[in-house]
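Visitor: Order-wise, the sequence lines are chains V and Z.
Here our numbering is used: the first residue of the first sequence is 1, the next is one more, and so on.
Here our numbering is used: the first residue of the second sequence is 1, the next is one more, and so on.
Keep in mind that the hints were calculated from the coordinates and are not lab data.
Be aware that one or more of the hints could be misleading.
Said to hold, decoys possible - Straight-line Cα separation of at most 30 Å, DSBU-like style, residue types lysine-lysine; simulated pairs: (1) K148/Z / K345/V; (2) K148/Z / K65/V; (3) K431/V / K148/Z; (4) K197/V / K314/V.
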Amino acid sequence: MKKQISLILAIALLLTLLSGCSGKTQTAETTAAAGTTAAAETTAAADTTAGTTAAAASGEKVTLKFTGWRTEDQDAINKMNEKFTAENPNIEVVYEPVAATEYDTYLQTALANGTAADLIMMRSFSGGKTVYSGGKITTLTTDSVPNLKNYPDSAVSAWASDGKSFAVPVGMTVEGVHYNKDIFDKCGITKTPDTVKELLDDCKLIKDKGYLPIAGGVAEPWYVSEEITSSILMATIGSSQWVKDLYAKKLDFTDAKYVQMLQTLQDLEQYYPEFYDGVGYEDCQQLFVTGQAAMYMSGSFELTYLTTTNPDLKLGCFAFPGQDAAPTAVNFTAAVGVGGYSGTKYPEQVLTYLNWLASDEGGGAYANGVLGFFSPNPTAPAPESEIAQQWSALRDGREAIHLMGYETMTESAPDYSTAIGDTALKMVTEKWTAAQAADYMQQQMSWFFK
Amino acid sequence: MKRSKKVYVAFLLPALFFYVVFMLYPLVSSLGLSLFSWNGYGAKTFVGLANFRRLFGDPSYSARFWGALKNNALFFLFTVVLQNCIALLLAAFLNIRRLRGAKFFRSVLYIPATLSIIVVGFLWSLIYNPLWGPLNHTLGAVGLGALKRAWLGSPHTALLAISVANAWQYTGVPMIMFLAGMQAIPDELYEAASLDGASGSRQFWGITFPLIRPVMFVISTIVFVSNFSAFEIIYAMAGTTGAPNYSTDILGTFFYRICFGQRLGLQPDMGVGAAIAACMFLLIGVGVFFWFRIYGKDGDL
């Protein structure tokens, strides 16, 4: 009797363990969708901007999940989604961001096991192409998303792989220098610098007056690559021809212009906070937003954070100065695109939303809500915020060159971003000259030139 | 009395099931993945030993591999000195007869081990922050301002700084194990030694130390395995780039970086990542095997 009871208990234990591993869990949407009864179509206005197919709105309320890495823009995107739902009452969009450092890993696992959101924020160029290569992102065409025609080719191709679009271009950012107008006034600086020499003179003046000139640090490679060195480089080279020559391997990182960029970086470092070799991105952000630093090299994407964290901060901006004359080029990033998950249960609603984002109205809503992200759609209305307009205007009369390390130089280790971050830090710890640092950079990236 | 074998098997099955599904299968499939090329999204292509050739043949990869291995060895050395030696000392103190507050200190010293690694890493990186961290502030306040530096930013001090945080967290564990080993030593030995006129420290090195050899053996094995497969503390304090200048790059972070890529930068390469993981497995396995051969003979496990 005892033997049988033991055996039964053991098997029962095994069974309870097995039952714990159930199959794919039902999502809330499917149960909700199944539960609602199909109501008759009443006077729900057909949205001309969306250009939907009739099948989409049949009275069934649908909730689309939207994931992205911009946790800072949660409120702004929620407001934008409310605007969308006002026009498309049967589609609700819920934005659930994931921290930027974990987003890529999250996407990989979610796409692999079929639990991805319906709308997916996509990075441009290689970042997005890699995700698209898995075949789980819907290919977009001008048939399925008619408003794609609004964008210039340069914008569409940033989110395309071999001519196939995988995301609607939604947000571009401009990189440059944020500055604190109060500190500039107190130091008697009336004009923002146009040349590197003027910038260094201003920094010296600010330091002598007892303020921290620049919130900067070389501890985090991506910050060094994207916000500091890329801005300096674009202003130094003045036109995209240099970048094209670099990618065509006609010149390399030992070129005089690249050395000049590193030299400028070194010249600026004396105006960074103490121990800047250990100062990272968030430290710089904190220094600037609390009003302790006069300048902060970053991008327009910071505007939401800066304006909401410290509304009293008087913000200004200027393009990073050119070497000998006013800069003729600025750094920009094809930052945010939105794509659709191919395994979504609501493909038509996803396309409706994407088409709305690509419309003038959607583009304008995004740019207006998510400060600092400009719509690549040239006919979309400009943002109302003055500071956002100032950032957008940094591109006027200048060539906008895309950030380094996105379009290429990511296929092998080290990628461009890691290599320049490593180089900048080594330049400090080894006390190298700019030329030595350029040699090291070239050595790190030699795999690209083979 | 004969027992039916079926009952034993039935009780073993759940544990065996978990072991196979969650440990054996992933291990074998990871080792298999090292023979493929995969970016995590698309299809897998069989490439044979190409990943290993790339790992050891391509200078940008092999330099990182040997550098990471060196850092692991350094990390292990720091941990043995900072964590295990201090744990032994603390255990020796706590073992003193009728020590007041022994129970209190035992608990307090063990509490850090119960904290989340990410929280510990984050808190310590705030302590080390060169701009507003308490460490630099305290050094300045007591007149040691010359020692101020970017602890996690300088390649010379970053790994040591992280080792200190790691040792702080885990000193309690070997301490408790040493203490248990020490308390298992019969009192008669100490009484006999006292009668013979042996001093406290002579008693320690002559009696305590040799008799806790089995415990030391177990602890060294655990520390070796956990240090060479470490990841979380480095991830929490320095990220996966091995910044600054790859001085905090260990095999775990090297593997993660290659396998999952980095934001906006390096594209994921799961095949080479799996090759790194396979090398880690081999390294730790061989290391433990030899450790057991050399020292396992006289100790009783």
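Visitor: Work down the list of hints and note, for each, if the structure agrees.
Guide: These are the hints, each one checked on the structure:
1. For the hint pairing K148/Z with K345/V, the CA-to-CA distance comes to about 57 Å; that exceeds 30 Å, so the pair is violated.
2. Note on K148/Z and K65/V: the hinted pairing is violated, with a Cα-Cα distance of about 48 Å set against a maximum of 30 Å.
3. Using a Cα cut-off of 30 Å, the hinted pair K431/V and K148/Z holds, with the two alpha carbons roughly 19 Å apart.
4. Proximity of K197/V to K314/V is assessed by CA-CA distance (about 25 Å); at most 30 Å being required, the pair is judged to hold.
The structure shown violates the earlier hints numbered 1, 2.
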